[in-house]
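**Q** In case you want the letters, here they are:
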Amino acid sequence: MPKKKNKKVQKSKVIKGQLGKKKETAREKMIGQSIGYRYDVNLLPDYSKITPFLKKYIEAMGWDDLNWLEDVHMGYEEDRPAVFCRNANGWVTIPSSIKLPNNQQDRDMIARELLVKFQMSPKHPLVDLKKAYLKF
Amino acid sequence: MANLKTVSKKSKAQSMGMHTEVLTGRTQQKFFNPDEAENFYYFGTYDVDFNKRTELDVKDMTAPEANKEIDNLMSQGYGTIVIKNPQGKHSLGVGILNKLNLIFEGSLGYFGMGSCDGPIVRINGRVGWSCAENLMAGKVVIEKNAGSCFGAAIRGGDLICKGSVGARTGIDMKGGTIIIGGDAGAFTGFMMQRGRIIILGDVGINLGDSMYDGTIFVGGEIGSYGSDAVDSELTSNDQDWLKRKLKVAEIGENFDVSKMKKIVAGKKLWNYDNLEPTEKKGAI
Chain A
1 MPKKKNKKVQ KSKVIKGQLG KKKETAREKM IGQSIGYRYD VNLLPDYSKI TPFLKKYIEA
61 MGWDDLNWLE DVHMGYEEDR PAVFCRNANG WVTIPSSIKL PNNQQDRDMI ARELLVKFQM
121 SPKHPLVDLK KAYLKF
Chain B
137 MANLKTVSKK SKAQSMGMHT EVLTGRTQQK FFNPDEAENF YYFGTYDVDF NKRTELDVKD
197 MTAPEANKEI DNLMSQGYGT IVIKNPQGKH SLGVGILNKL NLIFEGSLGY FGMGSCDGPI
257 VRINGRVGWS CAENLMAGKV VIEKNAGSCF GAAIRGGDLI CKGSVGARTG IDMKGGTIII
317 GGDAGAFTGF MMQRGRIIIL GDVGINLGDS MYDGTIFVGG EIGSYGSDAV DSELTSNDQD
377 WLKRKLKVAE IGENFDVSKM KKIVAGKKLW NYDNLEPTEK KGAI
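First to last, the protein sequences are chains A and B.
Reminder that position 15 of the first sequence reads as 15 in our numbering, one-by-one numbering, no gaps.
Count along the second sequence from 1, add 136, and you get the number used in our numbering.
Same shape as in the complex, but just chain B:
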């Protein structure tokens, strides 16, 4: 665990009063216990039951009011919540760190389902910009189309759009899987660092531009490759995984995955050690 310790030897930044603490240590062995009791949920989250179902009409609510009400329903043990009349409101369903089955009967605006960790979400409509931004875990399914920056900076989980998506899908993603049933716009996988993107249709220009790592699978035509995005061999393990993942996504049942293109990072742009912490320290 990174311990917060007061440092007696002051650096220039500290002596200038910029901060009084420093983060030291990276190993967390002392907190680790392999015999920990079986527990599948974060400490302090609600114990909900998928079979306990309720509906919530958010027509006359603001987004914060609706989000607080979802939290309130989870605290009462509701594991399946159906949201009526979302009417394209922005920032609905954000910050859910719980096991939950959430269904939106309609479309969402910008930043829907952002920063979630665990829920299974189905949106029976469209979504605006940056849907499921920073998703940590869980599954989000969009039945129609999505706007730009779909799945920006996601770290884990499955994000599925059965229709087409805009530009910069999976920008800066650090893990997880994004699956697109239709087409994707320009700069898909821009600066992605890890994770996987599957596009069954065509994709626009600059695919995987400046990608650091991760994998992109494309079923259709590619507008153009971005800087440092290169082709790679599609292995049998990849094909098995693709078949299984498309089944999970409920799309592309008869899609021939063996003809998909696999794009990875050429790793020619790996020069990120230019300002390593030791050098930064010396510069302060």
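Only chain A is shown next, with the shape it has when bound in the complex:
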């Protein structure tokens, strides 16, 4: 009896958790918005991955650790990597020129650094609002 040829089964690539590649549910497609977080918001930072800029920032502020930045993670919006700016209440897209590493911890450190630079910039949208509405 001839041997059966085993068909090679192509393994489908796991896309769960990859930036911008998670499939939407029917409900999400219908409402055009994502439901819930697309990344682990409870992920604790790996301090061995901290960048020199963040070290200087912690030192300048007199803190012992990343402080509020522990809650900052790299997420995405509209299929592009992005970091959420709580002061402006919107996502800040990471420029395509910045190559992102393949693990969440490294990506999160980059997100933290870029967010600090964005928030402390004189071009931050809150600067104009402050000029217009600051009471004292």
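All clues given are correct.
Mimicking BS3-like on lysine-lysine, the simulated pairs with C-alpha atoms at most 25 Å apart in a straight line are:
no., chain 1, residue 1, chain 2, residue 2
1, B, 383, A, 49
2, B, 379, A, 49
3, B, 404, B, 310
Honestly, the hints are just simulated from the structure, not real lab data.
Keep in mind the model is a prediction, meaning the values are calculated, not measured.
Position chain B relative to chain A; hints supplied.
**A** Okay, now just chain B, sitting in the frame of chain A:
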């Protein structure tokens, strides 16, 4: 950046004169520059020096007067301010959006250190309700006990109470870390959405009730679990982080973190898309 644009196509709400502008766009790429110069402080804040120290006696001042004087001292470059005779006044030290080392020699009343972003604060006494409400960043240390709603709606930073706290600690918190050296009351972590709470002692009933996300670590006994709060496995990463955080908090040096319980959201109550904006729009 969310741009404010005048919309020509008027919705029912707009045609009724309820508003003339709408917030459109969520992406902020055009404002972002990765080569931005190194700057660690918000635009327009004061350049203060931690080594420049002064004292402020607020005995005969109202809370607004005291807060304005703190602002005035920061504008003169003082980076360390010691507040004498706070005498349990309410709303002291609110709205500080600056790097600062602030020390209170006494107790605070309600809503102390609310809406702050950045300062390191030490309170050598007790605090009333809603201490450090809406804290954005920084570190607040309370040497004795705290009242209810401790760290309500905080978004970031470290909030530490070396004693015990009342009910509803971390209610509606959206980030940051709350560390309690003693016990915590009922409804701790009520409706929390993100962030972490560490309690070294016991905690009351309905822990983490209706929590959406976030993590609660408990060292002592738990009165009861709230709706949708469930146990989770304590990882080695959690333990390393707990040891480091307790060191930052200056408490629990010899505490065995490996025996702590970790509580997270069961996510069974996730049904918040019932009224998504698209549907709201259709309803208007």
